[in-house]
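Between the sequences and the hints, there should be enough to build the whole structure, so can you do that?
Listed in order, the protein sequences are those of chains A and B.
The first sequence stops at residue 110 when you use our numbering, and every number in between is there.
The second sequence stops at residue 110 when you use our numbering, and every number in between is there.
These are calculated hints, taken from the structure and not from any lab test.
Worth double-checking, as some hints may not be accurate.
Since the list gives no way to pick one copy over another, a pair counts as held whenever it fits inside one copy or between any two copies.
Cross-link-like lysine to aspartate or glutamate pairs, in silico, DMTMM-like; alpha carbons within 25 Å at most [unchecked claim]:
1. K50 x E100
2. K67 x E80
3. K50 x D96
4. K58 x E100
There are 2 protein chains.
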Amino acid sequence: MTERPQVHRMVENIIRCKWSLSVLDLVKNGVNRPGAMERAVDGLTTKVLNERLRKLVRFGILEKTTFPEVPLRVEYEFTDFGQRFIRLLEAIDELEEEISNTMDQAS
Amino acid sequence: MTERPQVHRMVENIIRCKWSLSVLDLVKNGVNRPGAMERAVDGLTTKVLNERLRKLVRFGILEKTTFPEVPLRVEYEFTDFGQRFIRLLEAIDELEEEISNTMDQAS
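Right, here's the structure in full:
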């Protein structure tokens, strides 16, 4: 049994997880700090947010920067790979939108 | 609970299924007839092939044409949506290749 391609597993993992999609959407819109992320999304708890952020860093999609300030400032940004990865997700969403429109016209 | 986007579910379903990926690859390479598909892929049975073809038609990715010949000729082609859908899969594979290369260089 050959192992499944890594990017396949990442795509699958992330499109199955609405919180991961929300977090990526926030970073895309310039919401980079965990506190602001939590306030921006209804129902997103600190625990779930931290889990998703850790996963996205582990996948190499986000990188975490800690600024040595008081209080400590933490920000998440896309890596180069992450930039490309979210373009994939955008392409998936464009296709989604297109077929929804087609179905609306047909009904 | 809102329903998950349709294209998300399709992407997930297909990247999890090596036979679906094989079938799409065959059609991309001009192998359009079920008999030729079965001969081209080691381990692909008629039953599994037919299931995957039916699914890909149901998803609107492939369309089936039956030519009224003796013996009956059946061919599968991409729909317009299918063309766009496989470009997504290609983009996923390009990204895969790119990160594998990066990891090779790093090791």
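Cross-check of the supplied hints:
no.: 1; hint: K50 x E100; result: neither (32 Å within a copy, 33 Å between copies)
no.: 2; hint: K67 x E80; result: within (7 Å within a copy, 45 Å between copies)
no.: 3; hint: K50 x D96; result: neither (27 Å within a copy, 33 Å between copies)
no.: 4; hint: K58 x E100; result: between (28 Å within a copy, 21 Å between copies)
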